[in-house]
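What follows is the residue order along each chain.
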Amino acid sequence: MDGGLILKRAYVAAFFLFIFFPLGVTVLISLDPRDYVFGLPPSISFRWYQSFIENDTFVNGLTTSLIVASISMIISTSVGIFASYSITRSGKGFMKNLGTYFLSPLLVPTLVTGIALLMYLKQLGMLNSLINLVVGHTVITLPYSVRVLTAVFSTLDPSIEEAAMSLGASPLKVFSKIVLPMIRPGLMAATIFTFSESLNDYAVSIFLSDSNSYTFSVALFSYLKAVFDPSIAVASVLLMAITVVLIYAIEKTFGLDKVVGMW
Amino acid sequence: MVEEKVVVENVSKRFGRTVAVDGISFKVMKGEFLTLLGPSGCGKTTTLRLVAGFYKPDKGNIIIDGKVMNDIPVYKRNIGIVFQNYALFPHMTVFENVAFGLRMRKTPEDEVRRRVKTMLETVGLAGMEERYPRQLSGGQQQRVALARALVIEPDVLLLDEPLSNLDLKLRLQMRKEIRRIQKRLGITAIYVTHDQGEALSMSDRVAVMNQGKIIQIGSPTEIYEKPVDSFVADFIGEANLIDGRVEMVEGERVGVRVGDTLLETTADHLRLKKGDEVFVVARPERIRPSREGIEAVVEDAEFLGQVRRYYLRLTGLDATIKMDLVNYVGEEINVGQKIRLNLGRFAVVKKDGG
Amino acid sequence: MFIIFLEIFNLVPSIELLLRRYAVYLLVIPGGVFLALFFLAPLSYIFVVSFYEYVGLKPGYIGGMKPGFVLDNYIQFFSEPVFLNYLWITVRIALVCMALTLVIAYPVAYLIARARIGRWVLALVMVSFLIHPLVRVYAWEIVLSEFGPVNTILEMLRLPKISLIGTEPAIILGLLHFLIPYAVLTLIGPIRRVDPSIEEAAMSLGASPLTTFFKITLPLTSPGLVAAALLTYSLGVTAFVTPLILGAGKVVVLTMLIFDRFTDTVNYPFGAAMVVILLIIGLVAVVLIDYLFKVIYRRRPVWTAG
Ligand SMILES: Nc1ncnc2c1ncn2[C@@H]1O[C@H](COP(=O)(O)OP(=O)(O)OP(=O)(O)O)[C@@H](O)[C@H]1O
Ligand SMILES: [Mg+2]
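Chains as they are written, first to last, in this note's numbering: chain A, -15 to 247; chain B, 973 to 1326; chain C, 41 to 346.
Hints were generated in silico from the structure; no laboratory data involved.
Errors might be hidden in some of the hints.
[As the list claims (entries may be wrong)] Taking lysine to any residue and the SDA-like style, the derived pairs with C-alpha atoms no more than 25 Å apart in a straight line are:
(1) A:157 <-> C:300
(2) B:1048 <-> A:108
(3) A:106 <-> C:300
(4) A:242 <-> C:160
(5) C:98 <-> A:111
(6) A:209 <-> C:206
(7) C:255 <-> A:-11
(8) A:242 <-> C:258
(9) A:-8 <-> C:230
(10) A:242 <-> C:164
(11) B:1185 <-> B:1166
(12) A:157 <-> B:1086
(13) B:1048 <-> A:163
(14) A:157 <-> B:1157
(15) C:290 <-> C:160
(16) C:201 <-> A:4
(17) A:157 <-> B:1185
(18) A:157 <-> B:1057
(19) A:161 <-> B:1185
(20) A:-8 <-> C:259
(21) C:98 <-> A:194
(22) A:-8 <-> C:62
(23) A:157 <-> B:1027
(24) A:161 <-> B:1089
(25) A:242 <-> C:222
(26) A:157 <-> C:250
(27) A:236 <-> C:84
(28) A:236 <-> B:1105
(29) A:236 <-> B:1103
(30) A:236 <-> B:1062
(31) B:1028 <-> A:141
(32) C:98 <-> A:81
(33) A:209 <-> C:290
(34) B:1155 <-> B:1004
[What the hints assert, rightly or not] Incomplete in silico selection of chain A near chain C, CB under 10 Å:
(35) -10
(36) -8
(37) 4
(38) 71
(39) 86
(40) 94
Quick reminder that beta carbons are idealized off the backbone N, C-alpha and C, glycines included.
Given the sequences, and given the hints that come with them, work out the whole structure.
Here you go:
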């Protein structure tokens, strides 16, 4: 191994150290029996895990988050399928620009989207925070599903659909028997993208939550602002675990390689 | 009685400003194999897709079995299509691919099984039922595509350059296969290609297209021997186009002056008049050195395997023509030498615009 | 009546034909309408509200706003030095983050793109990119805390302790933790698209590795670099929790002011005006940076590349 290679590896390793050292520390804190930070934990304890589970705010937030993420994931991917199919298959000037239109929420910081929705929905008299959360999360996740699915559809050869049609399949049959099965991996990737995007959001959630429905992020945020509490570390560990699982799922269904640059 | 299976009646199709198909008409008889031949962009694919129903004609009618089909969508016509890239369903096995059309027609499952099996035997793929398209060679995929299109017993089989993704050897073999199967099933076929060898060797009739129009339609021999214009003459086979002028018309017999030589031939289909400016279409492989005839100087010679090709400058004319000699055993021909030529059987076409 | 019915019946086939022909276009409608209703409309609304009058918190006035068209909110923002100072801090942090991110991330992306490393490296980058923002903030809060690991290590090395929480460097560190993986992922694609044989050709023609990098690799990847720069800058400007928590109230950025006007000191019109300002400083920089790169590398602007 030459010096250059060692240097290169060391550089990449330093990058990963920078990223993962703080996360590792968080894991240690979650296992620390003490309620203050000082050096390494003297022993391992699941005390904070216990208090995390018993914490209603966290549990409620997590439940709401899972509900909101699931519903907005379903809406975003199903609406996204139709939109992306239409955009890639009609392929004319105006429709191509629609692609940009569907991606436009990505250009606006989610904090702004959240504020805008807060004012707008209040003005409309929409006060059900659970519905509002779903609406907000659908707005921010739809672009991701459109982005993944247009990429997937554009790799599909339209003559396959034409072949099916020539064999007597109506447009609906072509879609259900040919298109859907072929894009299944991409569809999985889209659902995972949108789910994880919804789970990771805090900016939109902060503005659209109230005491009836608040997401996990909002629960975490309120704790983070208040006191030092190692059960936040437990919440962090849980979120990290979810991230790892989602990435594993993408790799298994779609391949990470193809996802680079799509996010 | 021969039925008219497909009738294309004065059909036009434009895309924005491009006129892809410009008022073409032709008929395909039951069981006939018609080829649309022409250079890239001349509208072959568009014509085929109009017959298939992917496009609606701007003008004119598409008639299949006596019924106007203009407003019938693809999936309600009974048509088999073989695509250039096969367009096999990647998520289905060979069996499922071939069975797809039958299942769309709600054919009973035991009949599906029987017919798919027979069809796979016909195309020589027995035993491959459970494979996926990606596990097949190009030629095998081609056969699946063919079987899939044929198993539904379509009114017409449409093929768009189906062989262009295969290597030369397989291409030659599949030409024969497709023709054999088409004849055996007695199916009506429209075939698109820009490969004239394919067109001439497979078809009952060939329609030569250019710029959205059909220039000539006829049997391969007709097209080759009696091109209607210089485009067809030049596009089909190798051709030397030599300037000439009609000097004599007597019934079918026509006398054409080339340089100071008067050549005689028959040209019944052109309605030539004395004084018409024409091209003499001389095929390189028919030209022979001779004791009399047009005089030429050998400018260059090339060795192309079995064929020896000579470039000859015609004396008194501003033209260089090609002569191909196969297994030539006559006197040796050297560059710079002066020889006389017999053009062999040749055709005459009017100059463009004439 | 009956005749009309028949007429309609006659129309049915042509309606069916029309539907079939345009069905593929109709599919965009649900998503398109949804975004128009819940994204474009709210965004336009906030723009409108930024010109409303603030009348204080009174019943009947949501967020203390009264419809109208006044420039008060903008005038207030630009006439008070405090706000301008906060604006400058916001931009400064974003610019520093952008510069550091590009310098650090480019080599990482290059090494990952070029060395055919296994999938797990990509997976790690992906994890580092997708970690929840609040998890990062919490982690850095601990790492930088008074008795946290950084100070423990400094102590072991007999170096003076530092307390970064509540300073700009803390915020920048926290943001880099997110921005670097983001930039790495943005850059891997463009770098991969550069055929290594182009670099080899340059070297075969006598270019040193360094010259090759600056004359060949960098220009060829510049669209990706611009994209990464724009993204990191705008993410930096609009960051919220990281400055809030790691700044511990001692460093104030624009997003925190905005948040405050919509939650605690409710003043929607002024908040909306600051939102518009936030969007504009994002866009202005986007145009500027892009123009710069265009001048340097003579290529068309990124946003036209889509
Ligand atoms: N969907 C379309 N939209 C716009 N223009 C088209 C479309 N399809 C074909 N054209 C244009 O119509 C003309 C005829 O095209 P067509 O595909 O029928 O040619 P072709 O004879 O099949 O050519 P090739 O041998 O290259 O396949 C071309 O100029 C082409 O650019
Ligand atoms: Mg074609």
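Of all the hints numbered above, which does this structure not satisfy? Sort the numbers upward. 1, 2, 14, 15, 17, 19, 22, 26, 27, 32 and 35
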